Amino acid sequence: MLTVTMLPFFTVPRNFVLLEELECGMKGSGDGTISWGLKNENDATFTYWNCTIIGPPDTTFANRIYTLEIYCGESYPDKPPKVKFCTKINHLFVNSAGKLDDKFHALMCWSRNSSIKQLLKDIRTSMRDKKNCTLKQPPENSTY
Amino acid sequence: MKSEKMEVSMPAASKLPGPVPMDVQVSGIPATSDDLPSFSQYRNTNCDLHNQGSSKLINQNSCDDEIIYGQLIVLGTNGTLPGGDKGRRRSCFTLRRRKKPNGVKPSEQHQVLPKASHSEAFNRKDHHSVSYTLPRSVVVVPYVEDPDTDMFQIGRSTEEPIDFVVMDILPGMSIPTNSTDQQPQQSTISRFACRIVCDRKPPYTARIYAAGFDTSMNIILGEKAPKWMIEKGGNKIMDGLTTNGVLIMQPKNGFSQQSEPTQWKETSLCGDIYRLRESRSAQSPGAKVESDNNILVNGTLIDLCGATLLWRSSSNAECMPTPRHIDQLIQNLNLGRPQCPVGLTTLAFPRRSRATRETEKQPWVYVECGHVHGRISWGYQGEEEMMCPLCRSVGKYVPLWIGNEPAFYIDTGSPTHCFVPCGHVCSQQTAKYWSQTALPHGTQAYNAACPFCATPLEGDQGFKKLIWQQPVD
Amino acid sequence: MAALPRRIIKETQRLVSEPVPGIQAIPDDNNLRLFHVVIDGPKDSPFENGAFKLELFLPAEYPMAAPKVRFLTKIYHPNIDKLGRICLDILKDKWSPALQMRTVLLSIQALLSAPNPDDPLENEVAEKWKEAEAVAIKTAKEWTRKYAVPDCK
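Chains as they are written, first to last, in UniProt numbering: chain W, 1 to 144; chain Y, 1 to 473; chain E, 1 to 153.
Be a bit skeptical, because a hint or two may be false.
Unchecked claim - Calculated pairs, SDA-like style, for lysine to any residue (alpha carbon to alpha carbon, straight line, at most 25 Å): (1) E:82 - W:57; (2) E:92 - W:44; (3) W:99 - W:11; (4) W:79 - E:92; (5) W:39 - E:143; (6) E:53 - W:42; (7) Y:105 - Y:222; (8) Y:86 - Y:158.
Stated by the list, open to error - Sample of chain E residues lacking proximity to chain W, with all beta carbon distances greater than 12 Å (derived): (9) 16; (10) 81; (11) 83; (12) 84; (13) 146.
What the hints assert, rightly or not - Some chain Y residues judged to face chain E by a derived CB distance under 8 Å, without partners named: (14) 289; (15) 341; (16) 343; (17) 344; (18) 376; (19) 378; (20) 381; (21) 389; (22) 390; (23) 392.
Worth flagging that the hints you see were computed from the coordinates, not collected in a lab.
Computed from a prediction, not measured in an experiment: that's the story for all the values here.
Glycine included, C-beta positions come from ideal geometry on N, C-alpha and C.
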């Protein structure tokens, strides 16, 4: 009974996924350690996003506000977004231009169920990793 | 071979003059007299008896003298007992003229004795008697055989003298999805509750009397039962009531579209009619109602305290649909291909015989507004209430079931209404009649109830007009 | 995973076979829960002659939950924001599963005829609509000409 055309019935189209993520971000997501919103509030294509992460306590990232930019292409959420830090950061998976490496766990395992919110949470969690949490951080408020 | 013969004989027979099987015209349904079964055929309670009307027509000698006095149907059953009919325990009992009369009537003797056991009549196993227990003595009234009447006994006992075994009816038990075999722990129905005595000659008058004779052919009214002496035809006779009493309600204008419920009254052991006691088993009787009698008229309700019976006399079968009519009405409803306004699926009632569980196409109703839908889960407002997607009224939401028991129908109108809150579907007049008929409920309360499941009615009216959505495509 | 519910199939068939005048809704080739919609600007409204593109998506809970609808064409309207989101009660708390795509689209069409600046989604536009309706209508007409007239696109 399963037909090939049945398969795409249930995928939520890109714009409606992002619209929902936007509304989720506007409502706030609990503890305020992460936030996300459209870079340009009138961007009806939902492409560029401005996000922040507050570094977790007991790490070298603690109490710093990192801003980052997320790019959701045409094939989002089938393909993962691209992530670039604006605030300078010293992190194993962030290159010298501030770009988050595609090999970062959350990007590697990206699926339709992933979201900007989850990605930000995962990045913040990674700051607690043993290999990251002691890295010396660039001066506050320095940008790429 | 047999069926071939039937096909040949039936049309020929139907052209003959004589009693015509019931002929009911239902709007939109072509009803011809020869394809409808007669009253006696509609319930196959006795497999060796055939259709009264057609058997007369095809002149089968064995059935020539088959006379039906009437039927008793237990309210709150919907065609059969919730657990199925078993022997003398069933949802409906047909009173037929017996081969030999078995009626009894009181003799004119009254024996006053210190103890019932001193009475000759009481001790003789082959004689009926009624004993009235007084504080210091017993009055025994011997009953004698009456060749002009047949007697039928009703009660909770499964012993042999009981022709129709009636157990307590729990509200809602006949709804398939509620069906359980449980019985109330304490029954209030008397083991030998009442007896009906029918004249063996036309017009076959049926009368009801409180209490029935037990296996020893005795009725014993205990010390606590109300009893008194009255004068009748110059004689002083004893009379009394049973503990929980036998209440009757004889509707005005019989059981028809013009029917109107009247007040409930009580019948005594001797068949006189009294107003209700102050409470169900109070020790003093209500006032005697001289203008009333104990003759069962079509539509009389008999309450045994725990179960209520409806009497349908056979002479009035015309106003009653047959099971085939009900099937036809169901089919007509289904042919309209009613639609669920939400699922856009076609709804359909199961056929009568298969209406034993909820189906995928089962129509559901929001009882507050009458909008019919399929089963949907939306608009919960607390545990029992839901919001109608069409009009946003909030109330119970229940599956609809066809009222299967033809005897409860007051006419043969289309099933356009349902009872609230149980969802049993029937004609408007039927719904209206039962919603205006208070039934004894427990030992104190009176409540209108759905005849098909005994659920007490709710809402302003107790019933609702169904609003169906016809297909848009 | 269930097949596409019968209701969605029926609604789609009817939308295609008996379209609502002035509304076109075509299911996406690859996603039968996604509809490409064009609503013609109603006559005697500032949106007259415009063809407004929308996208409509039926979530998995549909019809127990409302469809999601968004304008793709820019529009100057107090109840429609810059992202194309629509402020309409039946898309939110007044949704009922007895409503259909057809009724939703008709309601959106009606909203174009009768903007409601007292229940705004786009505050600036709403204020303009209340304070200087003529100016607001003029802007709406301009936007219609600029973004919604097929020739110019």
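### Task
Please verify that hint: residue 341 (chain Y), Cβ, nearest Cβ of chain E, below 8 Å or not.
The hint holds - residue 341 (chain Y) has a Cβ within 8 Å of chain E, the shortest such distance being about 5 Å.
### Message
Please verify whether residue 99 (chain W) and residue 11 (chain W) have alpha carbons no more than 25 Å apart.
### Response
The given pair, whose Cα atoms are some 29 Å apart, is violated under the 25 Å limit.
### Task
Would you assess whether residue 84 (chain E), listed as outside the interface, keeps its beta-carbon beyond 12 Å of every beta-carbon in chain W?
6 Å, violated
### Task
Could you grab the alpha-carbon distance between residue 79 (chain W) and residue 92 (chain E) and see if it respects the 25 Å cut-off?
The hint is violated at about 30 Å.
### Task
Would you check whether residue 392 (chain Y) satisfies its interface hint, that is, whether its CB is within less than 8 Å of any CB in chain E?
7 Å, holds
### Query
Given the hinted pair residue 53 (chain E) and residue 42 (chain W), is their alpha-carbon gap at most 25 Å?
17 Å, holds
### Query
Is it true that the CA of residue 92 (chain E) sits at most 25 Å from the CA of residue 44 (chain W)?
21 Å, holds
### Task
Report holds or violated for the interface hint on residue 376 (chain Y), using the least CB-CB distance to chain E and a cut-off of 8 Å.
Hint holds; residue 376 (chain Y) Cβ to chain E Cβ min 6 Å, cut 8 Å.
### Query
Does residue 343 (chain Y) meet its interface restraint, that is, does its C-beta lie within less than 8 Å of any C-beta in chain E?
5 Å, holds
#### Entry: residue 83 (chain E) and chain W, when compared Cβ to Cβ, separated by more than 12 Å
5 Å, violated
### Query
Any CB of chain E closer than 8 Å to the CB of residue 389 (chain Y)?
OK, holds: residue 389 (chain Y) within 8 Å of chain E, min 4 Å.
### Query
Holds or violated: is there a CB of chain E closer than 8 Å to the CB of residue 390 (chain Y)?
For residue 390 (chain Y), the interface hint holds, since the closest Cβ of chain E sits about 5 Å away, which is under 8 Å.
In this structure, the earlier hints numbered 1, 3, 4, 10, 11, 12, 14, 20 are contradicted, and the remaining ones agree with it.
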